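Student: The primary structure of each chain is shown beneath.
6 protein chains.
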Amino acid sequence: MSTEYHSATGNEIALFEMAYRRRIPVMLTGPTGCGKTRFVEHMGRLLDRPVVTISCHDDLTSSDLVGRFLVTGGDVVWHDGPLTRAVKDGAICYLDEVVEARHDSLAILHSLTDHRRTLYLDRADEVVPAPGPFMLVCSYNPAYRSSLKELKPSFRQRFMTLAMDYLDADREAAVVVAETGIEPPVARQLVGCARVIREADEVFHFEPPSTRVLVTTGHLIAAGADIRDAAEACILAPLSSNGAINEGLREIAAAALATAETAFAQSVPEGGPRP
Amino acid sequence: MSTEYHSATGNEIALFEMAYRRRIPVMLTGPTGCGKTRFVEHMGRLLDRPVVTISCHDDLTSSDLVGRFLVTGGDVVWHDGPLTRAVKDGAICYLDEVVEARHDSLAILHSLTDHRRTLYLDRADEVVPAPGPFMLVCSYNPAYRSSLKELKPSFRQRFMTLAMDYLDADREAAVVVAETGIEPPVARQLVGCARVIREADEVFHFEPPSTRVLVTTGHLIAAGADIRDAAEACILAPLSSNGAINEGLREIAAAALATAETAFAQSVPEGGPRP
Amino acid sequence: MSTEYHSATGNEIALFEMAYRRRIPVMLTGPTGCGKTRFVEHMGRLLDRPVVTISCHDDLTSSDLVGRFLVTGGDVVWHDGPLTRAVKDGAICYLDEVVEARHDSLAILHSLTDHRRTLYLDRADEVVPAPGPFMLVCSYNPAYRSSLKELKPSFRQRFMTLAMDYLDADREAAVVVAETGIEPPVARQLVGCARVIREADEVFHFEPPSTRVLVTTGHLIAAGADIRDAAEACILAPLSSNGAINEGLREIAAAALATAETAFAQSVPEGGPRP
Amino acid sequence: MSTEYHSATGNEIALFEMAYRRRIPVMLTGPTGCGKTRFVEHMGRLLDRPVVTISCHDDLTSSDLVGRFLVTGGDVVWHDGPLTRAVKDGAICYLDEVVEARHDSLAILHSLTDHRRTLYLDRADEVVPAPGPFMLVCSYNPAYRSSLKELKPSFRQRFMTLAMDYLDADREAAVVVAETGIEPPVARQLVGCARVIREADEVFHFEPPSTRVLVTTGHLIAAGADIRDAAEACILAPLSSNGAINEGLREIAAAALATAETAFAQSVPEGGPRP
Amino acid sequence: MSTEYHSATGNEIALFEMAYRRRIPVMLTGPTGCGKTRFVEHMGRLLDRPVVTISCHDDLTSSDLVGRFLVTGGDVVWHDGPLTRAVKDGAICYLDEVVEARHDSLAILHSLTDHRRTLYLDRADEVVPAPGPFMLVCSYNPAYRSSLKELKPSFRQRFMTLAMDYLDADREAAVVVAETGIEPPVARQLVGCARVIREADEVFHFEPPSTRVLVTTGHLIAAGADIRDAAEACILAPLSSNGAINEGLREIAAAALATAETAFAQSVPEGGPRP
Amino acid sequence: MSTEYHSATGNEIALFEMAYRRRIPVMLTGPTGCGKTRFVEHMGRLLDRPVVTISCHDDLTSSDLVGRFLVTGGDVVWHDGPLTRAVKDGAICYLDEVVEARHDSLAILHSLTDHRRTLYLDRADEVVPAPGPFMLVCSYNPAYRSSLKELKPSFRQRFMTLAMDYLDADREAAVVVAETGIEPPVARQLVGCARVIREADEVFHFEPPSTRVLVTTGHLIAAGADIRDAAEACILAPLSSNGAINEGLREIAAAALATAETAFAQSVPEGGPRP
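Residue numbers (the numbering used here), protein chains in the order written: chain F, 1 to 275; chain H, 1 to 275; chain Y, 1 to 275; chain W, 1 to 275; chain D, 1 to 275; chain U, 1 to 275.
Note that these hints are calculated values from the structure, not bench results. Mixed in with the good hints there might be a few duds.
For identical chains, the list gives no copy identity; a pair is met inside one copy or between any two copies.
As the list claims (entries may be wrong) - Straight-line C-alpha distance at most 25 Å; calculated SDA-like pairs for lysine to any residue:
no. : residue 1 : residue 2
1   : 88        : 258
2   : 152       : 164
3   : 152       : 49
4   : 152       : 46
5   : 152       : 250
6   : 88        : 5
7   : 88        : 185
8   : 88        : 126
9   : 152       : 229
In this text, all values refer to a predicted model and were calculated from it rather than measured experimentally.
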């Protein structure tokens, strides 16, 4: 897959740049696979800053973030963690899926996200002020409504929030074409299929297919797979392990694949009216 | 037992090859014992790639996957884990029963399953880009409906899904014959017995007998056991520890063993019509 | 106590031998104290294989099974655990009360119980194929109906199941006589008492007295204790700590001790009719 | 306090000796402070065996029982735990309040309590057969009805059970006099007070006062305290922290202290009739 | 603040001395801040014994109490913990807020609180008999009614209980004056305010203000604060974070501050009648 | 952002100074972002004492506070933690968000907050009396009504409480202007918007926007962002991830931004009446 970023509107780029200039931490929200990680990588290139990515998970300790003592040659020597290295390098530090992290691990970020802009390494007895270009970026998907995993509002208030979403149908189809080389009408069929499933998301209880999923489907089609087999394997199968729901989705998806061109015609009239 | 793979339709081999060529991770689903592990070993031989198998369980840490520091000769030296070795070797890395793993251990796979195709070893301060032939394959059995152990949809979306199932009756009986050397009519009796239990699976709450179970039963019969004793020890006994349910199953199984030939006659007419 | 095995029917010996010849893992089920451990020791002598016994419990880690690194002379050296030693020696490895083990510890057994017959020591980076005579035997008591402690059906399917049970009344009394040297009529009284309690097991909620308990009771009687004191101390007291239930049981047991001879007369007529 | 044992009936001594001769493990049950620990110490002197006492608690690991590796002079050396030392010395090993231990720690005892009479030290790779005089004794108080802390019946069946209880009133008063030197009528008042509270135990929900508590109360009286102050501080105060219940108990206790002589007169007529 | 002890009645001093002479462990109960810690320090001076204080908390392990192995100069050397040091020195060992400790940590105290008076250091393989002057004192506040944190009755029975309470109004006011130097009428206002809140304690659900709180309030007044500001900051604010309850308390307290002199007049008539 | 402190009334400065002179620990309460941290830093400068800040979290152990043994050059050497350093230096030790800490970690503070003013380092076997200028300050936000995370009243009683709140509208707008350089009318619009949301706080269930949030919003506006975009990204987005509530808030905020000038006119008439 290519690593190009496909902007939805351009507005998020301007706001990110303002936050960078004013040293405001940024929180990216939006559905899985809508391009948050690519956006941060894109901004790193635009602002000419390295990006240090940290995938958050339940077991991520503050030591994993800031560093720990390791035994080397008989002595105990401090080794900076990725967050500490990002602060010292003035990098963009990107905490992916921050809501997955243990909340106590996040407390270490407080002094970096207020007027102090400083990392306190209590165990190493060191204080690291963040240089000007250092920037903290986090992301999470608010669609997951797990009470255990909700970010605290006081934590969210430390950030400017950029709400991201799926691309519109035309842009999304263009991305699938550009990434996989399949024919535009086929790409539009896939996008149409994804969009009806996304609309059904509120009734059924699942994570709708992302642009990344459509790109994977396109790759399979480009490799010779039948469009229905590819949609089954990449779009429908991951939605649910409950057979009953899958049947309903399968009908919706089949109808969508059949009527996708029409849907595009209605929602994205291009080059004149269609009947 | 032999290690030969018995393909159900051949379609899963073609799709797996497409995924390999397009560097798409693969998720195998299907009931326990339907041949997922053998299929991956078979594809490894077909694609001429080594297969690194990791059995997932509750206690599998990300250190078990990627590696850890060990003390050797007084110093602390990093040792790659099986996942890291598989990435560096461009192998097929097979995570068996991935749903059993702690979800936080799986976060390490995110950067390997999107456009980055890279393993970040934060503790070793090393970045390992996956070479072209590296492929990640996972498997799980969606029939287990434990809310605690459900794979996240956003994780499942990172993979192309190949849904595997039991062989059809003829192929399954042929496998039992080929593996154990029992007579074909006896093998068909065992298959018929397994199929009625599989159909009853939605009423009772148990894991139905797999092809592997039938092969074990066949081995016992080949060693001289009575067919009913063997079916009791290998097919019926593992189904449930609840006596009441076992009585019902025992009747169904006994009837199935008696009528198996007929059932085959109806579902698999071979060499002309049967009354 | 002696270590002799008292076979119930002889059928379990034949099935165990078949499983050994066909390299099928064996699962022994049955009530506590019905002779599962002695049976495995007996088969070890019969097949001339050493038996490595591992008592399973909640805290048994996979490291306890397969081995771990230990510091010796400044270096870290791998030490095989009992399972690894059993595999390398081609022994019979007996996991007693396997249902007590943490389920994640059992995942290490998967590759030993399918066509691979191989132990993967990921941490030691070693692969150990099991030699021909190696055999895995597990045991558990299905009467414990704890949802937390239920073996997974997919695990049980990896084994041939041998369902063991208490001996019939005559054989059980003979065992008590042989082990303790008490008079046969006294032994029959104890067996009769145990059998009425076992029948009452479904109403009350307790573990019924095993043959081992009767042997212990017999030892106490042989040492001079009154039969009622011995039955109270060894049979009744362990049944429940709830006084109310104990009263009911005590009446049943007292009646059983009194009528045991009669019960035997009816169920086991020996040497002519009794009134 | 003295360490003398005050036998209730003498029967428990005879049964314990039989169990010792026949190598049967013993389980002592009975209320806290009724003399279980002193009884074991008494039997150790009688049988001329050392007693190794282990106080069980939630955090007692099997390593605490059997031993562990310790670093000495740079090397790792195995150190036997108290259970292993007791087995090797042929001592009486006394597990006090065994129900408090984690159940998984108790699995190590299984092979010591059946026909094997052997301790398996898997980690040290050592097998320790128990010499003839070794004896395992456990104790617990069945009055605690915590479902989490109930001993498994299959564990209790491994032991001969000796149910102990408070001494009868005369003996208990004699013990208090012998231990503290207070006047017999005062001791009888204390015993009478304790007995009415023990009877009320089923209505209120508390642990009734033990002989040890009465001895403590006697000591305080011998040191000059008023009988009512001493009873308040040692008998009533520990019963409950709930004020309401304490009021009811205080009235019962006050009445009992006043009428104790009479109660004794009725239940233990000594030296002629009393009005 | 000064460290003087202000006795409520003198009775607790006499009982403590008796317990010391008879080697009975002592349990102090009573509300937070009523002077338990000062009382133990006072008794230490009176009996000329050092006091070793251990603040109990959830994370206090038995190793923290008795000692542990530490690496020094390459070897592992045992270091006594504070409890072991106290036993060896024949000190008064004071476990403050013992109910906070993990119950399994308290099991180590059993053999110190019965006739054995011995500390068993299983890990160090050492047995430490307590010398005559050693005394164990614990404290806890029974007003906390947390089921998880209730001391077991069998544990409480090992101690003589001294129930402590707030001083009477006159003595309490005298303490506040002596400690802070504020005017007696102001001190009486504070005491009156505290007493009405303590009476309201059963309706509202909070910890009432202690003498220590009144001393703190007095210090603030002595430093120049307004009596109402000081009472708000030290007495009312800590009571509850629930605004609604605070309003009710504030009215009660305001009324109490206004009528305190009168209340004193009624409950503590000194130097003649008041209208 | 600047680090200046903006006093609400001046009263909290006077009370803090009295507490400092009288060595009374201080507890700061109030909503997130109202200036508690800045206030402590301000008082440190005023009293000429260093401030040691410790951000509390679930994983903060008492070792993190007081220190631990570390291996250096083969030996184990004690390293003071930040609390110990603060005590020894006579600094102001500030425990930020103390309610987040594990309660057992807080027990170490008890002896520092009563008449002892002493830190007991049991593991290092050291007793550290606090010098005169040492001061302990804690903060927490009582608006969080998590029962698990409620500070114990007996802990709160150890402190003088200073209840802090948001600035009044004029001062708050002045702060936003001073910090960000935006026009006063725009700052007043933001303050008005925040105030209506704060009032709606009791109906909806969220953390209202703090002054810090308004300063961030102002920075974004100063960087060129539209006021509505900035308010959306910094004020509204962090309030809730629940779309439905956000719609209601968005209407309230939009109305507030529109009518803010009027609201100011009514609540803060300056320089003459407004219509």
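Student: Does each hint fit the structure? Answer for all of them.
Tutor: The hints, checked one at a time:
Taking the closest pair of Cα atoms, residue 88 and residue 258 never come within 25 Å of each other, the shortest separation being 54 Å inside a single copy and 43 Å across copies. Taking the closest pair of Cα atoms, residue 152 and residue 164 come within 25 Å of each other both inside a single copy (20 Å) and across two copies (21 Å). For the identical chains of this complex, residue 152 and residue 49 are neighbours neither inside a copy (29 Å) nor across copies (33 Å), given an alpha-carbon limit of 25 Å. Proximity of residue 152 and residue 46 under a CA criterion of 25 Å is satisfied in neither setting, with 31 Å inside one chain copy and 33 Å between copies.
For a Cα distance limit of 25 Å, the shortest separation of residue 152 from residue 250 across copies, 20 Å, qualifies, whereas the shortest one inside one copy, 38 Å, does not. Proximity of residue 88 and residue 5 under a CA criterion of 25 Å is satisfied in neither setting, with 27 Å inside one chain copy and 28 Å between copies. Taking the shortest Cα distances, residue 88 and residue 185 never come within 25 Å of each other, neither inside one copy (49 Å) nor across copies (39 Å). In this assembly of identical chains, the alpha carbons of residue 88 and residue 126 lie at most 25 Å apart whether taken from the same copy (12 Å) or from different copies (18 Å).
In this assembly of identical chains, residue 152 and residue 229 lie within 25 Å of each other by CA distance solely across copies; the values are 22 Å between and 42 Å within a copy.
The structure is inconsistent with the numbered hints 1, 3, 4, 6, 7, although it conforms to all the rest.
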